[in-house]
Every structure is written in C-alpha cells, then in structure tokens.
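4 protein chains.
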Amino acid sequence: MVKDYNFKVIKPPFFEIGPKAYLWGDKMLELAKVIDEAATKLDVDVIVTPQYTDIPLLAQNTKRIHVYAQHMDALEPGRGLGSVLPEAVKAAGAEGVMLNHAEKKLDLETLAATIKRADQLGLATIVCTDTLEEIKAVAALEPNIIVAEPTALIGTGQTSDMDYVLDTIAAVKAINPEIMVLQGAGISNGQDVYNVIAAGAEATGSTSGIIKAADPAAMVWEMLTALREAYDNRNSK
Amino acid sequence: MVKDYNFKVIKPPFFEIGPKAYLWGDKMLELAKVIDEAATKLDVDVIVTPQYTDIPLLAQNTKRIHVYAQHMDALEPGRGLGSVLPEAVKAAGAEGVMLNHAEKKLDLETLAATIKRADQLGLATIVCTDTLEEIKAVAALEPNIIVAEPTALIGTGQTSDMDYVLDTIAAVKAINPEIMVLQGAGISNGQDVYNVIAAGAEATGSTSGIIKAADPAAMVWEMLTALREAYDNRNSK
Amino acid sequence: MVKDYNFKVIKPPFFEIGPKAYLWGDKMLELAKVIDEAATKLDVDVIVTPQYTDIPLLAQNTKRIHVYAQHMDALEPGRGLGSVLPEAVKAAGAEGVMLNHAEKKLDLETLAATIKRADQLGLATIVCTDTLEEIKAVAALEPNIIVAEPTALIGTGQTSDMDYVLDTIAAVKAINPEIMVLQGAGISNGQDVYNVIAAGAEATGSTSGIIKAADPAAMVWEMLTALREAYDNRNSK
Amino acid sequence: MVKDYNFKVIKPPFFEIGPKAYLWGDKMLELAKVIDEAATKLDVDVIVTPQYTDIPLLAQNTKRIHVYAQHMDALEPGRGLGSVLPEAVKAAGAEGVMLNHAEKKLDLETLAATIKRADQLGLATIVCTDTLEEIKAVAALEPNIIVAEPTALIGTGQTSDMDYVLDTIAAVKAINPEIMVLQGAGISNGQDVYNVIAAGAEATGSTSGIIKAADPAAMVWEMLTALREAYDNRNSK
Chain A
1 MVKDYNFKVI
11 KPPFFEIGPK
21 AYLWGDKMLE
31 LAKVIDEAAT
41 KLDVDVIVTP
51 QYTDIPLLAQ
61 NTKRIHVYAQ
71 HMDALEPGRG
81 LGSVLPEAVK
91 AAGAEGVMLN
101 HAEKKLDLET
111 LAATIKRADQ
121 LGLATIVCTD
131 TLEEIKAVAA
141 LEPNIIVAEP
151 TALIGTGQTS
161 DMDYVLDTIA
171 AVKAINPEIM
181 VLQGAGISNG
191 QDVYNVIAAG
201 AEATGSTSGI
211 IKAADPAAMV
221 WEMLTALREA
231 YDNRNSK
Chain B
1 MVKDYNFKVI
11 KPPFFEIGPK
21 AYLWGDKMLE
31 LAKVIDEAAT
41 KLDVDVIVTP
51 QYTDIPLLAQ
61 NTKRIHVYAQ
71 HMDALEPGRG
81 LGSVLPEAVK
91 AAGAEGVMLN
101 HAEKKLDLET
111 LAATIKRADQ
121 LGLATIVCTD
131 TLEEIKAVAA
141 LEPNIIVAEP
151 TALIGTGQTS
161 DMDYVLDTIA
171 AVKAINPEIM
181 VLQGAGISNG
191 QDVYNVIAAG
201 AEATGSTSGI
211 IKAADPAAMV
221 WEMLTALREA
231 YDNRNSK
Chain C
1 MVKDYNFKVI
11 KPPFFEIGPK
21 AYLWGDKMLE
31 LAKVIDEAAT
41 KLDVDVIVTP
51 QYTDIPLLAQ
61 NTKRIHVYAQ
71 HMDALEPGRG
81 LGSVLPEAVK
91 AAGAEGVMLN
101 HAEKKLDLET
111 LAATIKRADQ
121 LGLATIVCTD
131 TLEEIKAVAA
141 LEPNIIVAEP
151 TALIGTGQTS
161 DMDYVLDTIA
171 AVKAINPEIM
181 VLQGAGISNG
191 QDVYNVIAAG
201 AEATGSTSGI
211 IKAADPAAMV
221 WEMLTALREA
231 YDNRNSK
Chain D
1 MVKDYNFKVI
11 KPPFFEIGPK
21 AYLWGDKMLE
31 LAKVIDEAAT
41 KLDVDVIVTP
51 QYTDIPLLAQ
61 NTKRIHVYAQ
71 HMDALEPGRG
81 LGSVLPEAVK
91 AAGAEGVMLN
101 HAEKKLDLET
111 LAATIKRADQ
121 LGLATIVCTD
131 TLEEIKAVAA
141 LEPNIIVAEP
151 TALIGTGQTS
161 DMDYVLDTIA
171 AVKAINPEIM
181 VLQGAGISNG
191 QDVYNVIAAG
201 AEATGSTSGI
211 IKAADPAAMV
221 WEMLTALREA
231 YDNRNSK
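Taken in order, these protein sequences are the chains called A, B, C and D.
Using our numbering, read the first sequence as starting at 1 and increasing by one per residue.
Using our numbering, read the second sequence as starting at 1 and increasing by one per residue.
Using our numbering, read the third sequence as starting at 1 and increasing by one per residue.
Using our numbering, read the fourth sequence as starting at 1 and increasing by one per residue.
Hints in this document: simulated from the structure, not taken from any laboratory.
Treat the hints loosely; a few may be bogus.
Since the list gives no way to pick one copy over another, a pair counts as held whenever it fits inside one copy or between any two copies.
[What the hints assert, rightly or not] Calculated lysine to any residue pairs in the SDA-like style (CA-CA distance at most 20 Å, straight line):
1. K212 x G80
2. K11 x R234
3. K27 x Q60
4. K173 x G122
Computed from a prediction, not measured in an experiment: that's the story for all the values here.
Construct the complete structure from the given sequences, taking the supplied hints into account.
Right, dumping it as structure tokens:
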C-alpha cells in the first residue's frame with residue numbers, strides 16, 4: 001500500500017483528540033487553537049475530530065492540527081438526504097475521517113467501501129477496533145491508521161495493558177507495516193501518555209481525559225508534552 | 001401549540017429546496033445565492049437543507065433563505081461520536097431541521113424526542129411523511145411543518161393527486177391548525193408549483209426538479225415566481 | 001375500524017407475558033403450559049410472545065393462550081434473508097405480533113406498513129408506546145392493542161402512576177374506541193395487577209416480574225388471579 | 001483453529017440452499033424432503049436455511065440435511081425482545097447459522113461476537129462476504145465456512161469468474177486452511193454447479209436458481225448430481 005495521498009502526512013508520535021458531542025462552536029474553536037499552538041511548538045501531529053458543522057470553523061482557523069470528520073458515508077453524489085457526503089467533508093476542509101468508532105459501528109462491506117471512497121478523494125482513514133481479531137480484520141482493509149481500543153475501557157480512565165499494546169502493534173505490522181497504530185482507551189493524564197508511548201506505541205489519544213479535566217487547555221499541553229518527551233527518550237536510548 | 005420560537009418565522013407561501021447529496025461547497029453556495037436573491041425579490045420564504053458541513057457557509061453568506069439541517073440526532077451534549085448534535089447545528093447557523101425523510105427514517109420514539117430537542121433549542125422542525133395515516137401520527141407529535149410526500153413519487157416527476165393534497169391538509173389542520181403542510185413529490189417546473197398552490201397548498205418544494213434542470217438557477221426563478229403568483233391569484237379571488 | 005379478523009378474539013381483562021430472550025425451548029413450554037392452565041381456569045386471555053423458533057412449540061402444545069411473535073418484518077415473500085416473514089409467522093401458528101417494543105423500535109413508515117401486512121393476513125397487532133404523544137401517534141395507525149409503557153420503567157418494578165394510566169386510555173379511546181390499551185411497566189406481583197385493573201385498565205402484563213420470581217409458575221397464578229378478581233370487583237360495583 | 005464442534009461435520013463437496021423469504025411452512029418442508037432424499041442418495045452435505053419459525057419443522061422432519069438459521073443475534077439470555085437468541089436457535093434444532101448476508105449485514109464487532117457465541121454453543125458459522133478484502137477480513141474472525149459471493153451478482157444468474165473463485169479460495173486458505181469456502185452468486189443450473197466445482201471450489205449454492213426453476217425439485221436433483229459428479233471427476237484425475 002503506497003497510496004499517494006494529498007492530505008498532510010502524519011508521522012509518529014501523534015495524538016487524536018475526539019470532542020464527540022461534548023464540544024461545539026466557539027468552545028470547540030477555543031480548545032482547537034490551544035491544541036494548534038501546542039502541536040506547533042512541540043512539533044507533534046494531532047488529529048481533531050469536531051462535529052461535522054464545525055469542520056470549516058476548525059479548518060479555516062488552525063494551521064498545524066489535522067481536522068478529520070467523526071464519520072462519513074460511502075455514498076456517491078446524488079440522493080441520500082441526511083447523509084455525510086465524502087466530497088462535502090473534503091470540500092469543508094477535512095483531511096481525513098474516523099470510521100467504525102464504538103459509538104458508530106459500520107458493517108464490514110460498508111467499512112471497506114468507505115475506506116475506498118476516502119482513498120479516491122485523498123482523505124485519510126483512522127479506523128477504530130476492539131479485539132485483536134477485529135484489528136486483524138480491519139488491517140486487511142488497508143486504512144491509514146488503526147485505533148486499538150478495548151471498547152470496555154472507553155471513558156473509564158483505565159488504560160490498556162501493555163501486552164495488548166504490543167500484540168496489536170505486532171499484529172497490524174505483520175499484515176501491513178505501513179498502517180500506523182494508535183492506542184486508545186483510558187488516557188487520563190500526561191503520565192498515561194508517557195507510559196503507553198514509552199512501551200512502544202506510535203500514537204495515543206484522549207477524549208474524556210481532556211474534556212473533563214479541570215483545565216482542558218492545561219491538560220492538552222500536559223499530554224502533548226508527555227507525547228513528545230516519551231517518544232524522544234525512547235528513541236535516544 | 002404556541003411555541004415561542006426564536007427562529008425566523010415562515011409564512012405561506014413557502015418552498016423547500018433539498019440539495020441532499022447532489023450539491024456541496026462552492027456550487028451549493030452559488031445556487032443558494034440565486035435562491036436568496038429570488039426569495040428576497042419575490043418575498044417568499046425558502047428553506048434550504050445543505051450538507052451539515054455547508055450549514056455555516058450558507059448561514060454566513062445568505063440573508064433571506066432559511067437554512068435547515070437535513071437531519072439531527074436527539075442526543076444531549078456528551079458522548080456520541082459520529083452524531084449530529086442539536087446544539088452544534090444551532091451554533092452553526094441553522095434555523096431548523098428536517099426529520100424523517102424517506103432516506104433517513106426515524107423510529108417513532110426518536111422522532112418525538114428529536115422534535116422536543118428542537119423545541120428546546122428554538123430550532124424549527126419539518127417532518128416528512130408518506131400516507132395519510134402517517135401524517136395523522138406525525139401531527140400528534142406537533143412539529144412546525146409536515147411534508148406530505150408519497151414516497152413512491154419521490155424523484156419521479158409525477159405529482160401527488162389533488163385529493164391527496166386536500167385530504168392531507170385537512171387531516172393535519174383537524175389535529176392542529178398551527179402545523180403548516182408542505183406538498184412534496186414530483187414538482188418538475190413552475191406549472192407544477194402553480195397547480196399545487198392553486199389547489200390550496202401552503203407550500204411545496206423540489207430537489208431533482210431543480211438540480212437536474214438544464215439551468216438550475218433559471219428553474220429556481222421559475223418555480224418561486226409561480227409560487228408567488230399562484231398564491232396571490234388564489235387569495236385575490 | 002371493524003376488521004374481520006380470523007384470529008381468536010381477545011377481550012378484557014387480558015394479560016401479556018413476554019419471555020423476551022429469557023426463556024426458550026423446554027423451559028418456555030413448561031411455563032406456557034402453566035399459563036395455559038391458569039388462563040383456562042380463570043377464563044382470561046393471555047398473550048405469550050416466545051422466541052420465533054418457539055412459536056410452533058407453543059402453538060401446538062397449548063389451547064387457551066394466544067401466541068404472538070415478538071416482532072415481524074413488513075416484507076412480502078421473496079428476497080430478504082434474515083427477515084421474519086409475516087406469512088411464516090402465521091403458518092407457524094402465531095395469532096398476532098408485537099411491534100415497536102423499546103428493544104425493537106420501528107420507524108413510523110415501517111410500523112404503519114407492518115400493521116397493514118398483519119391486517120392482510122389476519123394477524124393481530126399489539127404495539128408498544130411510551131409517551132402520551134407517541135400513544136396518540138400510534139392510535140392513528142389503528143393497531144388492535146396499544147401497550148402504554150413508560151420506557152424508563154421497563155424492568156424496574158416501579159409501576160406507572162394512575163394519571164398516566166387514565167390519560168393514556170382516554171387518549172386512545174378518543175381517537176378510536178375499538179383499540180384496546182394494555183398498561184405495562186413495573187408489574188411485580190398480584191397486588192400491582194390488582195391496582196392497575198382496579199384503576200380502570202383493560203389489561204396489563206409482566207416479563208421480569210414473572211421470570212425473575214422465586215417461583216414463576218406460582219407468580220403466573222397470583223397475577224392472573226388478581227387480574228380476574230380486580231376486573232370482576234370493578235364491574236360488580 | 002481446532003474447534004471441537006458437536007454439530008454434524010460437513011465435508012466437501014457441499015451445497016447451500018437459502019429459501020430466504022420465498023418459502024415457508026408446508027412448501028418449505030416439501031422441498032426440504034426432496035433435498036434430504038437427494039443429499040442422502042448422492043452422499044453430499046447440504047445446508048438449508050429456513051425462516052426461524054421453520055427450523056423445528058425441518059429439524060424434526062429431515063435426516064441428512066443441515067438446518068442452519070438465516071441469522072442470529074449475539075445477545076446472552078435475558079432482555080432483548082425481538083431478537084434471535086443463539087440458545088433458542090440451538091434448542092430448535094439448528095446446527096449452525098448464516099451471518100452477514102448482503103441482506104443482513106453486521107458490523108465487524110457484532111460479527112466477531114456472534115461467531116464467538118456460535119462457537120460457545122457448538123453452532124457452525126457460515127459467513128457471507130463480497131470482495132477479496134472483505135474475505136480476508138472475515139477469515140481473521142475464524143468462521144467455519146466463508147461464502148465468497150460478489151454482491152452485485154446475487155440473483156442475476158451470472159456466475160463469478162474463475163479468477164475470483166481461485167483467488168478467494170487461496171486467500172482464505174493462506175490465512176487459515178481449515179476454513180471452507182463456498183462460491184455463491186449466479187448458480188442457475190447443474191452446468192453452473194459443475195463448472196465451479198470443476199474449477200476447484202469446495203462448495204457452492206443457490207437460491208433463486210432453485211426457487212424460480214420451473215420444477216424446483218428437479219433442479220435440486222440436477223444441481224446436487226452435478227455437485228457429486230464434478231467433485232468425483234476432479235478428484236479421479
């Protein structure tokens with residue numbers, strides 16, 4: 001898989017922040033600007049997935065973050081009222097799309113078709129998975145990034161164990177070494193970020209760890225700083 | 001039902017143009033500006049339902065049209081990745097939301113809950129229905145506008161017969177006279193618009209009749225002009 | 001609505017027992033035989049809704065109970081792998097079908113179409129609803145029986161308040177006096193049954209109150225005895 | 001994967017007949033008896049997937065065919081009205097279950113969970129797939145049988161090309177040689193069966209080719225005879 005994407009390239013270490021339905025409009029933009037500044041200073045890639053309606057807002061008012069849609073449909077232009085058209089997502093300024101999150105599961109045929117549609121348009125794909133078997137199955141569909149995230153841990157503040165982290169990375173790389181793996185679930189603070197990256201992860205992310213923090217902006221800085229340091233320390237050994 | 005909405009009031013005769021997944025971005029905006037100009041000159045209310053990502057674009061660049069979302073979910077702020085949050089739709093500039101279109105059907109409990117969420121936020125609701133029984137059922141849920149549109153005719157260029165038009169209006173008004181009724185399905189040109197309004201309809205609309213016209217901008221003018229004339233002629237008798 | 005059904009007529013006071021996915025096969029049949037005996041001795045109508053695969057088992061081995069499917073699809077014979085075909089449900093011995101339960105919600109168009117398919121085949125329909133608005137909406141679709149059951153109370157052991165009971169009955173009868181109303185939610189013992197019937201209900205029912213009882217067979221007798229007594233006492237006044 | 005199933009073992013050459021929603025009750029049983037007789041005489045394994053309500057009817061009145069459900073849900077015993085409980089399917093006499101047919105697609109997490117539930121209960125799994133990528137993805141989930149069937153060809157009478165047949169078998173066996181592969185789509189007569197088996201397939205199947213034949217019973221014999229002969233000829237070379 002050597003896809004010639006025209007989206008901005010993401011490289012490890014990277015991070016994903018998913019505002020889900022917690023943030024929108026002005027408050028979303030405010031946090032996005034903090035993320036943008038931190039990402040720039042620390043030189044890390046950060047994917048942010050706002051509500052569909054906020055994609056233009058973030059795309060037009062940030063420079064360094066990667067704005068992805070939370071989901072899109074596989075349909076071609078035409079009928080399909082209420083759908084999220086890939087071309088519209090792209091035109092609004094998104095660089096990629098998240099697919100198959102535990103809160104928006106797709107059937108296998110639709111998932112495969114939506115990844116293909118994204119490839120056609122030069123939209124990157126970040127696909128969520130749960131068990132090791134599901135991760136292998138998704139790797140066969142060749143997305144750009146796989147999120148390895150045990151569903152049972154989402155929003156719990158409990159992180160994946162290190163066996164899961166290493167097994168999932170190994171399983172994906174055995175099928176296709178170009179697919180990047182993001183370790184999700186339960187990242188609550190900078191130390192959690194540090195630990196998972198130090199253990200060998202290429203990327204991680206957080207939703208509730210940031211949104212529900214006493215000071216979300218400070219938590220963004222704490223987590224992204226830990227991301228940078230853990231990665232640099234690991235590679236300097 | 002005397003809801004104190006803070007959206008701009010819509011009054012007959014009015015029109016709905018649903019770009020579905022046919023138009024997006026620049027081309028959507030271009031047509032929206034034509035609709036905006038025609039609506040202003042002819043003094044008619046026109047609802048336009050763009051892709052979610054285009055709501056800010058249209059809301060910020062038009063004056064007279066009413067921008068509605070194609071759909072939204074009933075969820076409260078919080079979890080719900082991939083959802084369309086009502087607060088986000090509102091913040092992006094939408095005045096209302098279409099619900100239950102034949103291409104995005106909702107179960108009854110969800111439809112009732114979504115209408116309530118819209119009411120809370122001051123978003124207008126335009127709910128699609130098919131048979132006379134379905135229309136009565138939806139009227140019990142008290143949306144602002146009901147679209148009476150036989151599913152079998154969508155996109156066919158064949159209009160509803162006049163018995164259906166009059167029966168559906170009478171059925172809705174018997175349950176709640178404040179609910180407005182829009183007659184959909186099969187409007188292909190200005191004459192179709194004229195006929196359905198002359199027969200007693202308060203409103204009508206078109207998607208493929210405009211999108212697939214040789215000159216969509218000209219068709220917008222033709223249809224909205226017919227809307228104005230038919231309504232004025234009917235009332236001057 | 002004077003439908004000439006060829007299913008066995010149900011008359012108040014009646015009861016519904018929904019085994020959901022709690023009971024199947026031999027244990028389901030064992031309880032069904034207890035229900036059948038109690039229904040016969042007490043002369044009350046009882047609807048039992050087993051798993052699809054158990055419809056023949058119950059239809060062939062009971063005499064007095066009314067076997068209904070938990071759900072069916074609206075499709076016509078033909079394609080539709082994985083569907084529940086109305087004709088197959090009928091041929092297997094079901095007299096009717098439950099629709100729109102909180103655990104199997106239908107969109108409004110599908111609900112209306114499925115009620116029509118049931119009418120065509122002479123299958124009775126018992127449609128679940130939640131709020132007063134939803135009850136009015138469903139009444140417009142003319143099912144045989146409406147279950148008025150606040151979703152939030154399902155499985156809680158907390159019963160509906162008496163205002164809800166009386167309001168929902170009045171609302172349905174105002175729209176169509178031939179539709180019967182079953183008061184669901186939170187019936188845990190014979191006293192609960194007695195209270196709701198004494199308050200004016202035509203019917204009630206229970207799932208977890210029976211399935212999770214220390215002695216389900218004894219609870220069946222307790223509830224059906226209370227049903228009979230409450231109804232007779234109410235009418236002898 | 002050496003699962004110790006207690007279902008009857010299926011071995012190549014085998015066949016699948018899916019009545020979908022075309023056949024039910026007496027007519028379904030009548031055809032099932034023909035299939036049972038032909039399968040016995042020709043010593044071939046045939047999977048038949050009736051409506052849920054007909055599983056007991058076929059399981060109790062046939063000897064040689066393998067009765068599978070058209071679908072089942074992954075839920076555990078408990079709540080879940082309208083669901084198809086795995087334990088109920090098993091108790092009704094099914095040996096296995098079809099999953100993920102083009103008319104009943106499952107999301108990846110649910111598909112993985114349902115295969116695991118089937119494994120727990122000793123139900124065999126036959127999982128439908130479309131493209132080569134989807135086939136690889138499903139192979140990672142370790143079902144017993146994969147149906148390789150280009151969705152676009154279902155019901156068309158046009159068979160898969162031989163490259164697809166050989167590529168899909170090779171892809172599955174590379175991942176797990178114990179998974180058997182059934183080539184679906186477009187089998188209209190005995191010659192089609194002969195060709196696909198002669199080309200190297202382990203199994204094939206038909207729905208509309210049999211149901212819509214002038215004489216479905218004769219077509220069953222024609223297809224199963226071709227299955228036996230093609231396989232024997234291939235192996236005697």
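Hint by hint, here is what the structure shows:
Taking CA atoms no more than 20 Å apart as the test, K212 paired with G80 passes between copies only; the shortest distance there is 15 Å, against 36 Å inside one copy. Taking identical chains as interchangeable, the C-alpha atoms of K11 and R234 lie at most 20 Å apart only when both belong to the same chain, with a minimum of 16 Å there against 52 Å between chains. In this assembly of identical chains, K27 and Q60 lie within 20 Å of each other by CA distance both inside one copy and across copies; the values are 15 Å within and 19 Å between. Proximity of K173 to G122 under the C-alpha cut-off of 20 Å is found in neither arrangement, the shortest distances being 22 Å within a copy and 33 Å between copies.
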